[in-house]
Amino acid sequence: MSFAGARLLHISLCVLAGSLVLCGQALCQSAPPDTPPSPATDLVVKDTPDDDGGSVTLSWSLSADDKGGAKDVLSYEIRRSKSPDGPFTTIKKVLKGTSSTTDEKKVENNVDYYYQVVTKDASSETPSAVAGPVRAHVQWFNLGRLNTLLITILYTALLLYFISRAKKGEKLFVRRIAGLDALDEAVGCAPEMGKPALYVPGISTISDVATIASVNILSGVARTVADYDTRLIVPNFDPIVMTVAQEVVREGYMAAGKPEAYREEDVFYVTSSQFPFVAAVDGIMVRERPATNLFIGMFFAESLILAETGASTGAIQIAGTDAIAQLPFFIAACDYTLIGEELYAASAYLSRAPLLLGSLKGQDWMKMFLIGCIFIGLVTLNVGFAGFKSLFDLPLTIFR
Amino acid sequence: MTGLELFWTWVAAFLTLSIYSFLYKDNVFYKIAEHLVVGVSVGYIFTINWFQGLHPYLFHPLAKSGQEPINLLRLIPFFLGLLFLLRISRKYNWLSRFTIALVMGISCGVSIPYTIEARLIEQTKASMIDFTQQPSIWAGICSAIILVGTIATLVFFFFSKEHKGVLGGTARVGIVFIMVGFGASFGYTVMARVSLLIGRLNFLINDWAKGTYHFIFG
Numbered sequence: 001m002s003f004a005g006a007r008l009l010h011i012s013l014c015v016l017a018g019s020l021v022l023c024g025q026a027l028c029q030s031a032p033p034d035t036p037p038s039p040a041t042d043l044v045v046k047d048t049p050d051d052d053g054g055s056v057t058l059s060w061s062l063s064a065d066d067k068g069g070a071k072d073v074l075s076y077e078i079r080r081s082k083s084p085d086g087p088f089t090t091i092k093k094v095l096k097g098t099s100s101t102t103d104e105k106k107v108e109n110n111v112d113y114y115y116q117v118v119t120k121d122a123s124s125e126t127p128s129a130v131a132g133p134v135r136a137h138v139q140w141f142n143l144g145r146l147n148t149l150l151i152t153i154l155y156t157a158l159l160l161y162f163i164s165r166a167k168k169g170e171k172l173f174v175r176r177i178a179g180l181d182a183l184d185e186a187v188g189c190a191p192e193m194g195k196p197a198l199y200v201p202g203i204s205t206i207s208d209v210a211t212i213a214s215v216n217i218l219s220g221v222a223r224t225v226a227d228y229d230t231r232l233i234v235p236n237f238d239p240i241v242m243t244v245a246q247e248v249v250r251e252g253y254m255a256a257g258k259p260e261a262y263r264e265e266d267v268f269y270v271t272s273s274q275f276p277f278v279a280a281v282d283g284i285m286v287r288e289r290p291a292t293n294l295f296i297g298m299f300f301a302e303s304l305i306l307a308e309t310g311a312s313t314g315a316i317q318i319a320g321t322d323a324i325a326q327l328p329f330f331i332a333a334c335d336y337t338l339i340g341e342e343l344y345a346a347s348a349y350l351s352r353a354p355l356l357l358g359s360l361k362g363q364d365w366m367k368m369f370l371i372g373c374i375f376i377g378l379v380t381l382n383v384g385f386a387g388f389k390s391l392f393d394l395p396l397t398i399f400r
Numbered sequence: 001m002t003g004l005e006l007f008w009t010w011v012a013a014f015l016t017l018s019i020y021s022f023l024y025k026d027n028v029f030y031k032i033a034e035h036l037v038v039g040v041s042v043g044y045i046f047t048i049n050w051f052q053g054l055h056p057y058l059f060h061p062l063a064k065s066g067q068e069p070i071n072l073l074r075l076i077p078f079f080l081g082l083l084f085l086l087r088i089s090r091k092y093n094w095l096s097r098f099t100i101a102l103v104m105g106i107s108c109g110v111s112i113p114y115t116i117e118a119r120l121i122e123q124t125k126a127s128m129i130d131f132t133q134q135p136s137i138w139a140g141i142c143s144a145i146i147l148v149g150t151i152a153t154l155v156f157f158f159f160s161k162e163h164k165g166v167l168g169g170t171a172r173v174g175i176v177f178i179m180v181g182f183g184a185s186f187g188y189t190v191m192a193r194v195s196l197l198i199g200r201l202n203f204l205i206n207d208w209a210k211g212t213y214h215f216i217f218g
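Chains as they are written, first to last, in the working numbering: chain A, 1 to 400; chain B, 1 to 218.
Keep in mind the hints are simulated off the structure, nothing from the lab.
Computed from a prediction, not measured in an experiment: that's the story for all the values here.
Don't be surprised by glycine CBs; every beta carbon is placed ideally from N, CA and C.
Just so you know, not all the hints are guaranteed correct.
What the hints assert, rightly or not - Capping the alpha-carbon separation at 25 angstroms, the derived lysine to aspartate or glutamate pairs in DMTMM-like fashion look like this:
1) B:Lys161 x A:Asp181
2) A:Lys389 x B:Glu122
3) A:Lys82 x A:Asp42
4) A:Lys367 x B:Glu68
5) A:Lys120 x A:Glu170
6) A:Lys258 x A:Asp229
7) A:Lys82 x A:Asp65
8) B:Lys161 x A:Asp85
9) B:Lys31 x A:Asp266
10) A:Lys105 x A:Asp42
11) A:Lys106 x B:Glu68
12) A:Lys167 x B:Glu162
13) A:Lys389 x B:Glu117
14) A:Lys389 x B:Glu162
15) A:Lys105 x B:Glu122
16) B:Lys164 x A:Asp229
17) A:Lys168 x B:Glu162
18) A:Lys96 x A:Asp52
19) A:Lys105 x A:Asp85
20) B:Lys125 x A:Asp229
21) A:Lys92 x B:Asp207
To be verified - Chain A regions said to be covered by chain B (calculated; three or more residues, Cβ under 8 angstroms):
22) 45-58
23) 107-117
24) 129-136
25) 207-221
26) 243-257
27) 372-382
28) 389-396
What the hints assert, rightly or not - Label pairs and their calculated CB-CB ranges:
29) A:Glu264 x B:His60: 45 to 51 angstroms
30) A:Met254 x B:Ile112: 48 to 54 angstroms
31) B:Met179 x A:Phe385: 34 to 40 angstroms
32) A:Ala255 x B:Gln134: 20 to 26 angstroms
33) A:Lys258 x B:Ser89: 22 to 28 angstroms
34) B:Val194 x A:Lys106: 16 to 22 angstroms
35) B:Pro135 x A:Ala122: 38 to 44 angstroms
36) A:Ala332 x B:Ile76: 43 to 49 angstroms
37) A:Ser123 x B:Arg193: 37 to 43 angstroms
38) B:Gln134 x A:Ala122: 55 to 61 angstroms
The following block holds chain A by itself, in its conformation from the complex:
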């Protein structure tokens, strides 16, 4: 090797060695030792209150690195074990900023569990101190709904009290309800015109309060119709409502002393699909031309179509519903409309039966009680005492 060649090789080796040293220093500067995030603290675990067991509620204080800390926390991992020493298995993950959750993943009742909340960032994690033991229990009484129970008891007591007064023969006053005064007159038109009456009990199920009220009114209507020897057509949306309607109409005819006039085929099921039902009832209205149309119960978007078609046939129409969005359409297209609670009052008003009149009185007293509560709540809240209002919290928390 010549001198120049040896010199060149020496320079190359020096450059290579220098490069390696610089690279090493650079690597050391870009990867400092990893620092895990601060742990979640104050972990508290307890049986979820007011439930049927199988659930544990966890709450903790957020890591110091959550929300703008030096190490941005990404999530918290909930780990569970039946022993404080582990092994812990991951139950669920919650996002940063979350400081409470419930564990409902196959939690056995009356078994000790221990929990850990693991704070995680992009590259590392820090477990909290272990909390526990905690046991899930079945609670027999839901204290969170105690106010619901008390109001239900009060309401029931008021109803029973006024029903007993009505049964003893006390005359209970009920104010005039225009739509119901017209009901007899409207049903009475049908025989004069030699046409049937149509009764649509809404398009909801029997569990709907409006449907139950409608069935009560149907009972009175059936009796009146039977008295007038008129045909009553009752198309139904729900098969169970149809069954109830058949019973009610049959009893109405029997109460009027004309069981032979009852035609079961006039109380029939159409379909449980909204607009096909409307199409069918519209067809009945234009072909049978009932003298009276009664739309009483729960209605939805079909209300205007039904009422408009009925109006176009020249029938007297009475509607009644507690569906607030549909009432404007009935008011616009029907002769009389029972608004909201008038629907519930209707059966008492029509029959004057002590049981129903007593319940109507009870409802009125309940309204007075609620107006009184609103006034007390207003006064106490505006003088700085929120305790009274908190009695109406759902769920009720003052006992926790």
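With chain A's structure known, arrange chain B on it following the hints.
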């Protein structure tokens, strides 16, 4: 659009126009559409009830009742359901009343607590307004209007006294609030119905008319 898609678009357009023909008067096209839609909907609902009710919750678990004896409890609702069918018997139709009574009882029991919570407790609580915490005078005035409306409307639905004097005046304020509310609701819902009409017209113009034109003339 393929030929088959065009065919079904024509069927849908025909049925849409048949239903709309009712606006003129009852006619044979409306009757065809009406009977078709009622029949199809009943068949559809029966299928849904079978696949989402009877099969997964009754027949399938009963088929496994050898492995899980508790599934035999499902025979109770099955039996109650059968009682419903006895309505077709003149002699034994009274037995269906047991099922009706059970369904009515359960329905009332389930719905009463939720109705009390949603319609009494929540609304009473919402009416207890803290006027010292209102963000502005205008917000306070709005809250006061809502409060007066709530109480006046409650008074309107008071049936035990004749609506005369103070009670009558308050009830009249209540019915004004109710009608204002209905007016707003009417306008809002009419706009929603107009949007439904627009949707149908959009189908007739773009899917049916334009689709047919493009299919024929490319």
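Right, here's what the structure says about each hint:
1. B:Lys161 x A:Asp181: 17 angstroms, holds
2. A:Lys389 x B:Glu122: 11 angstroms, holds
3. A:Lys82 x A:Asp42: 20 angstroms, holds
4. A:Lys367 x B:Glu68: With a Cα-Cα distance of about 50 angstroms, the restraint between Lys367 (chain A) and Glu68 (chain B) is violated, given a limit of 25 angstroms.
5. A:Lys120 x A:Glu170: 73 angstroms, violated
6. A:Lys258 x A:Asp229: 9 angstroms, holds
7. A:Lys82 x A:Asp65: 29 angstroms, violated
8. B:Lys161 x A:Asp85: 72 angstroms, violated
9. B:Lys31 x A:Asp266: 20 angstroms, holds
10. A:Lys105 x A:Asp42: Holds, at roughly 23 angstroms.
11. A:Lys106 x B:Glu68: OK: Lys106 (chain A) and Glu68 (chain B) at ~20 angstroms, within 25 angstroms.
12. A:Lys167 x B:Glu162: Holds: Lys167 (chain A) and Glu162 (chain B) sit about 22 angstroms apart, inside 25 angstroms.
13. A:Lys389 x B:Glu117: 14 angstroms, holds
14. A:Lys389 x B:Glu162: Violated. Lys389 (chain A) to Glu162 (chain B) sits at ~32 angstroms, over the 25 angstroms cutoff.
15. A:Lys105 x B:Glu122: This hinted pair is violated, its Cα atoms lying about 32 angstroms apart.
16. B:Lys164 x A:Asp229: Given pair Lys164 (chain B), Asp229 (chain A) is violated - Cα atoms ~39 angstroms apart, limit 25 angstroms.
17. A:Lys168 x B:Glu162: Holds, at about 23 angstroms.
18. A:Lys96 x A:Asp52: 29 angstroms, violated
19. A:Lys105 x A:Asp85: Holds, at roughly 21 angstroms.
20. B:Lys125 x A:Asp229: 50 angstroms, violated
21. A:Lys92 x B:Asp207: 48 angstroms, violated
22. 45-58: violated (count 0)
23. 107-117: violated (count 0)
24. 129-136: violated (count 0)
25. 207-221: holds (count 4)
26. 243-257: Holds: 4 residues of the segment 243-257 of chain A have a Cβ under 8 angstroms from chain B.
27. 372-382: holds (count 6)
28. 389-396: Our answer is that it holds, as 4 residues pass the Cβ test (under 8 angstroms) against chain B, meeting three.
29. A:Glu264 x B:His60: 45 to 51 angstroms: 34 angstroms, violated
30. A:Met254 x B:Ile112: 48 to 54 angstroms: 30 angstroms, violated
31. B:Met179 x A:Phe385: 34 to 40 angstroms: 36 angstroms, holds
32. A:Ala255 x B:Gln134: 20 to 26 angstroms: 56 angstroms, violated
33. A:Lys258 x B:Ser89: 22 to 28 angstroms: Holds, since Lys258 (chain A) and Ser89 (chain B) (Cβ atoms, about 23 angstroms apart) stay within the stated range.
34. B:Val194 x A:Lys106: 16 to 22 angstroms: Once the Cβ atoms are compared, 51 angstroms apart, the range 16 to 22 angstroms for Lys106 (chain A) and Val194 (chain B) is violated.
35. B:Pro135 x A:Ala122: 38 to 44 angstroms: With Cβ atoms ~41 angstroms apart, the hint holds.
36. A:Ala332 x B:Ile76: 43 to 49 angstroms: At roughly 47 angstroms between Cβ atoms, Ile76 (chain B) and Ala332 (chain A) fall inside 43 to 49 angstroms, so the hint holds.
37. A:Ser123 x B:Arg193: 37 to 43 angstroms: 57 angstroms, violated
38. B:Gln134 x A:Ala122: 55 to 61 angstroms: 45 angstroms, violated
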